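Counting from 1, one number per residue, gives the positions in the sequence shown under the UniProt record's numbering.
These aren't lab readings, by the way, just hints derived from the structure by calculation.
Predicted model only: the values in this text are computed from it and were never measured.
For glycine and all other residues, C-beta sits at the position ideal for the given N, C-alpha and C.
Some hints here could point you the wrong way.
Derived Cβ-Cβ restraints for the label pairs, each shown as a range [unchecked claim]:
no., residue 1, residue 2, range
1, Ser-468, Thr-31, 31 to 37 angstroms
2, Asp-216, Glu-464, 39 to 45 angstroms
3, Pro-317, His-378, 23 to 29 angstroms
4, Glu-184, Ser-223, 29 to 35 angstroms
5, Arg-363, Lys-560, 38 to 44 angstroms
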Amino acid sequence: MVTNSYRDSYRRSVEQPEEFWLEAAQKISWTSPPGRALDASRAPLYSWFPDGALNTCYNALDRHVAEGRGGQDALIHDSAMLGTQQRYTYAELTDLVARFAGVLRSHGVGKGDRVVIYMPMIPEAAIAMLATARLGAVHSVVFGGFAPKELAARIRDAAPAAVVTASGGIEPSRRIEYLPAVAEALGLAGAPDIPVLVKARAGFVSAAADHAGWLDWDTAMDSAEPVAPVAVQATDPLYILYTSGTTGAPKGVVRDNGGHAVALRWTMENIYDIGPGDVMWTASDVGWVVGHSYIVYGPLLAGATTVMYEGKPVGTPDAGAFWRVVQDHRVNVLFTAPTALRAIRKADPEASLLRNYDVSSLRTLFAAGERLDTDTFHWASRVLGVPVVDHWWQTETGWAICANPRGLEPLPIKAGSPTVPMPGFRLQVLDGGGGEVEPGIEGNIVLGLPLPPGTLTTLWGNDERFISSYLQAFDGCYATGDSGYRDEDGYLFVMGRTDDIINVAGHRLSTGAMEQVIGQHPAVAECAVIGLADPLKGQRPSGYVVLKSGVDIPEDVLAKDLVALVRRDIGAVADFKHVTVVDALPKTRSGKILRKTMRQIADGDEYTVPSTIEDPGVIDQLIGALRGGTDAG
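Taking the hints into account, I'd like the entire structure generated from these sequences.
See the structure below:
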């Protein structure tokens, strides 16, 4: 029986997963429809729809043309860097993808082969991804601008049949040449003869012609023969997405074709309330999981229009950039990271630039990537006047573990919470011994196996590492690595990574909880709290804050204010006395603050700056601050 209530849907997904997910699979076009949903024969390595076959690209493009929507916009590219906009209908995008698939095939790429894509935020990045999927091949997108050694590590692991790249990426203050980095990476990987296809962009020094055997995208497309979609098994891999591993070797998260298509199609309708003809803008990068799921695949699987943005939330040209994009493209749903909202608020605290734009098309703002602090939540809710929905997920899960299902049954929104588990996610909060904790008690957030469709099936070429990294800490569960608690209504509150729990004189305290308190101060744009080594108490919390633009407050006054707030809301047991004002916090390009690296620097430990850092110069600026600061105890 079809139900529209969250409670019934969740219950069915865990009690009757076969029925629930086979019903969801009916929204996908199959060359061989699945007769069963879950295959547990290799547990704890589960798979979904083992007897089904499909092509993901067909479901994202050709299907909508066949259903009469070929003239609808599929992809809008908006470059704030160049001041240009391009629109591609479903028919146009299908043709481009089919022809680029022909280019890849003519250079030896076939079903099951890997293609590494190292691209900026241009339409060709999405075209290359979809063309790879069209061939039944496996793409691995590497964030454009990654260092050569990081790109080389991914090339070595994926062993691609081809590399697709562009001349370079454009930042507000510089242009980043990609081709020298690609050449160096291929040399480091011992694979100098792999075919390389280059999309030329104006204003860059290096070109495909400078490298023997490299091919120009446009020249290749001129004579390309279109390729029809190639059917694959639902369990065949669609893509590999690398996430940094603690051992230094990148972990290649594997996403399948069938489970991925079914899950994302379900989320578009039920979480984001997006259908054919709606416009979704996910302000991320295709190099991240958010870009894979909700710039490229999710909106197109749903027959919606997706916006791809080359620009920043501020500085391209100002803090009104996001509102301009919403206005220009009549965006219905905006999905961004809390760090982008904090950047806009820091530059324009009263959102005065918002008044210059008509954003009446916007129905919902979704946030993910870092915890949405309550102060930013309230600010965004106030200035936009639409529901602001936090939701929580990981590269590994591919879609939201917890969310507020706006298309299924909108639930009351609670500041600081991503709401409740989505269907198929058997969420528990456990203590160190594996026992479930009471509501309100912080513990380890885990997910009972099997994970739902669309989540990672393994790590590329390394089942053992998948099991040891995620499935061994708690019996029968996937360990998220995050800590948090559930309230009496079952709402989850994610407080941070488990290594962000600090021990102060025997008291286990969450740095995330302290950040939430500090973020309430009217002068604070964003903050990070880390636990520093202390010879007496084991650890002590230290706060680092970025001020809002135009705020002028003496550091000692601010420190006393923040200490008082933490004592009021958390207690003197937190022993919070140390505050430092900084110009910026070190972050990954997806917006996560590098708290572990900050802690290592402050403690004088050896540290390695992650390859995913947005601006390496921030670390140099912070070194002195991390070892100084103001005590206000």
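Legend entry - Structure versus earlier hints, numbers of those that do not hold, lowest first: none
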